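Visitor: So the sequences go chain by chain: A and B. Residue 350 in the numbering used here sits at position 350 of the first sequence, and the numbers go up by one each step. Remember, the numbering used here sits 379 above the position in the second sequence when you count from 1.
Treat each hint with caution, since some may be false.
As the list claims (entries may be wrong) - Simulated DEER-style distance windows between Cβ atoms: (1) A/229 to B/594: 42 to 48 Å; (2) A/257 to B/601: 20 to 26 Å; (3) B/587 to A/111: 54 to 60 Å; (4) B/699 to A/197: 55 to 61 Å; (5) B/426 to A/84: 32 to 38 Å; (6) A/35 to B/524: 47 to 53 Å; (7) A/134 to B/703: 56 to 62 Å.
Calculated directly from the structure, the hints in this document are not laboratory data. Source: prediction; values computed, not measured. Just so it is clear, CB atoms sit at the ideal spot from N, CA and C, and this is done for glycine as well.
The lines below spell out each chain.
There are 2 protein chains.
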Amino acid sequence: MHTPVIGILGGGQLGRMTALAAIRMGLRVRFLVPKPAGPAEGLGEVIVGDWKDPDVLRRFAEGCTVVTVESEWAPADVLEPVLPEDTALWPKAETVRIIRDKGRQKRVLAEAGLPLPAFACCATLEEALAAAERFGYPLMLKRYRGSYDGYGNFTARSPEALKTGWEQLAQEDGLLVEAWAPFVRELAVLVARSPSGEEVIYPVVYTKQVDHRCYLVQAPAAIDPAVAEEARRVARAAVEAVGGIGITAVELFELADGRILINELAPRPHNTGHYTIEGCYTSQFENHVRAVLDWPLGSPELREPVAVMVNILGRRSSDRIDLRGLPEALRIPGVAVHLYGKMQVRPGRKMGHVTATGTDPEDVRRRAETAADLIARYL
Amino acid sequence: MHTPVIGILGGGQLGRMTALAAIRMGLRVRFLVPKPAGPAEGLGEVIVGDWKDPDVLRRFAEGCTVVTVESEWAPADVLEPVLPEDTALWPKAETVRIIRDKGRQKRVLAEAGLPLPAFACCATLEEALAAAERFGYPLMLKRYRGSYDGYGNFTARSPEALKTGWEQLAQEDGLLVEAWAPFVRELAVLVARSPSGEEVIYPVVYTKQVDHRCYLVQAPAAIDPAVAEEARRVARAAVEAVGGIGITAVELFELADGRILINELAPRPHNTGHYTIEGCYTSQFENHVRAVLDWPLGSPELREPVAVMVNILGRRSSDRIDLRGLPEALRIPGVAVHLYGKMQVRPGRKMGHVTATGTDPEDVRRRAETAADLIARYL
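The following block holds chain A by itself, in its conformation from the complex:
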């Protein structure tokens, strides 16, 4: 067997960490990125090109054993029709299309009988106001495409606010209107699934969002075992419903009565799974690579009782980054620092993360938060 070549559409931190897992196993990596990108720079072969161009995509895919995506915005659907005979594409373009369109994603999951907040795909403001009558306030307005981390989303607490939100966000096909989920906690579950049907499910984690961004992930979530079991059941069924291959991340709401609702899916390694690098026997990145190659999957079990990941988010805007805090952070015991090699810092930008492991959740969390803060304060 020749050395497999993993093609990655996208060159951000997810592609970077996927590449690091592949390189460790002796595999080769090739990136296609629409513009020069920091995180993939210096890892494998980085091709900068117009990734909406089928010719560019086909040339990129030639010689790749498999091509995978770093994000749901990557052009899997443009590549699929021109895919070279000896190259696989995982996840399939159809999975990416379903997940990319929030309306379609919800319909597919609802048709599979999975629990979701009530939603309506509204073409007009009138339809949205009618849906709001049924759902009550507050509710969420979401663009079907391109919304993430709070962008393209709007929380409406009244019909007036709904109108304002509609005017700000609505596109030609309208907006998704979603009932507010009265959740007590946000949870997430990663599922790795291979073309031949092997599947492993990672522990249920607690994710703490601040300003619509992932701030902290704790594995495992400190929840009732029955709730965790239900979260895993729902996550697994959701991934099967969209035909996810590789890692698929499932973000969930836990309600006060223990019920689980699906928030949304991502067809790729995910920020809520970074803790797996140190936390688990097999990281999400390694299992993503193994799954898209249709190789046996590795154990998703935790290596220590608790792992906590905290994102290092930019706090200022600068074209130079300052790593003064890094050596300080390294004084904190049992913490692994990951920085993504980004050359510019922007407020809220994901610059890196730290993961701490251990036994006592409070202690582990404190170490991770302290280390992340020491780095972020100077970046």
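Mind docking chain B on chain A? Use the hints.
Guide: Chain B alone, transformed into the frame defined by chain A:
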């Protein structure tokens, strides 16, 4: 603080794994290699050039925060006199010179009062025969420079054999003659040490050699705690005697009565420390990077009770490698596979390694050996 740039003299697997640790922390990496080399390829900036040329070395070092060596044969001594003002070199050329010359290494360690097998630096066969009278047989003949993994060494069991060995190996400055150490086990200890004097000592490991090559490393070694303590004491003192900065590896003999003798040192990350990537909170590679930057060092403690590393050695000669065994090996639970990206396989060549972790030494060892064998049989 700008993003540090780590310059590495050498582009084999040790440089590769050092680079992977540095990249994960967001640092930049630059290699200087005398000829295009597989393992460093595709990681950071790889410069191919005549590394005995001071101009080449100086240009390479310009812009590096620190330059370090991947092996004791790297030209630290050529670089040091032309080192740019803003670049550090760790370890110092003097440390590399001491370790590179087996006679000098032994003299420095002996002068520091450290326990060694009896040795004599012999300029002539007559001197060697006289030393043999004192030491008894068997004994070892070793070239001062360039001997490793059994190359440049000769075991003599009689005066006749000594003569044969002398004729085969002796160079203009003769040979090192060393009494046979009647060891019951070979052990190794890694010491990480920073310019400002911080120091961490890794667990004492058992190393099993087959055909003069490292076959397996088990951490921790199953030895008497007092012997382990003595091994750590000797290792630490040896590293201080040679002024080691960064990782210094100390290979040791354990005698039947529990005494410890020093076998030899390496001024760099070492094959006996690969287990630290999965086995310890901080890998030898990360601590090497942290030490040469004079940053705080990380915990060398084991994350699980036992880690076993088994080398994947080539078994045939070919300019193509066959990875058929890799997916098979990945079926073994709790095993991490590292392949170094070498494009040619040769009998005995280090192509990669696997590390298994767990609780029961027999089980951990069996898993590591099985996985390594599955890969090596096809390579």
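Visitor: Decide, hint by hint, whether the structure agrees.
Guide: Here is how each hint holds up against the structure:
1. The supplied range of 42 to 48 Å is met by residue 229 of chain A and residue 594 of chain B, whose beta-carbon atoms lie about 44 Å from each other.
2. In this structure the supplied range 20 to 26 Å is violated for residue 257 of chain A paired with residue 601 of chain B, their Cβ-Cβ distance being about 53 Å.
3. At about 58 Å, the CB distance of residue 587 of chain B to residue 111 of chain A agrees with the hint of 54 to 60 Å.
4. Between residue 699 of chain B and residue 197 of chain A the Cβ separation comes to about 31 Å, which falls outside the hinted range of 55 to 61 Å.
5. Distance hint for residue 426 of chain B and residue 84 of chain A: a CB-CB separation of about 34 Å, consistent with the stated range 32 to 38 Å.
6. At roughly 50 Å, the beta-carbon separation of residue 35 of chain A and residue 524 of chain B lies within the given 47 to 53 Å, and the hint holds.
7. At roughly 58 Å, the beta-carbon separation of residue 134 of chain A and residue 703 of chain B lies within the given 56 to 62 Å, and the hint holds.
Consistency with the previously given hints fails for numbers 2, 4, ordered from lowest to highest.
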